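Enquirer: Reminder that position 40 of the sequence shown reads as 40 in our numbering, one-by-one numbering, no gaps.
A few of these clues could be false.
[Unchecked claim] Taking lysine to aspartate or glutamate pairs in the DMTMM-like style, the calculated list, with each CA pair at most 20 Å apart, reads: (1) Lys-25 / Asp-82; (2) Lys-5 / Glu-73; (3) Lys-25 / Asp-41; (4) Lys-25 / Glu-68; (5) Lys-25 / Glu-86.
Don't read these hints as lab results, they were simulated from the structure.
Note that the structure is a prediction, hence the values are computed from the model and not measured.
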Amino acid sequence: MNYRKNLERTERRNQRMAREDAAGKLLERAPDLTDLQIEIDETPRGGSVGGTRYIRRVVLAQAPALFEVSCSEPRCRDGGYDVTSEILAALASRRTMFEGQQSCAGRCSLGDCGRVLHYVATATYRHVENAKAPPMG
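Given only the sequences and the hints, what does the whole structure look like? Please build it.
Expert: Right under this line is the structure:
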C-alpha cells in the first residue's frame, strides 16, 4: 500500500514539474515584478471556520508562471485550484493588489469537495521611466 502511495505521489510531482517547465518563468511574463505575496484562505464549503490560512511569498528568481494550489482536504481526490490565468492577467496589467476566489472541483467520499479558496495578492513593480528627460542647456 505504501509503495502505491509513494508511486502516486512521485507521479503527481513529476506531472507538476512538467507543468511548471511548460509554463516558463514568472519573470519572463512579468519582468518588472519585484515582489509578490499571496494571502491564501481556504474554507470548507459553506463555512467560514475550520479553514486553512497562510501567506505565500513568491521567490521570483525561481518561480514558474504557474499558480496551482493543492486542496488541503486530505480525502479530496483530483482537486485543487489553478488561479494561474487570473494572477498572470493581473500582473500583466501591473495591478498592485488583486483578489480572486475559486471552488475545488475535486471529489471526496461523500461527493464534491467544494472547498473554497480565496486569495489576496500584493505585487510590487520596478518603476519604468517612459518619458525621456528634457535636454539640458
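Enquirer: Taking the hints in turn, state whether each one holds.
Expert: Hints, verified against the model:
Our distance criterion of 20 Å between C-alpha atoms is met by Lys-25 and Asp-82, whose separation comes to about 16 Å. For the proposed pair Lys-5 and Glu-73, the alpha carbon gap of about 17 Å is at most 20 Å, so the pair holds. Taking the CA atoms of Lys-25 and Asp-41, the gap is about 25 Å. The hint is violated against a cut of 20 Å. This hinted pair checks out: Lys-25 and Glu-68 have alpha carbons roughly 14 Å apart, not beyond 20 Å.
Taking the CA atoms of Lys-25 and Glu-86, the gap is near 16 Å; set against the 20 Å cutoff, the hint holds.
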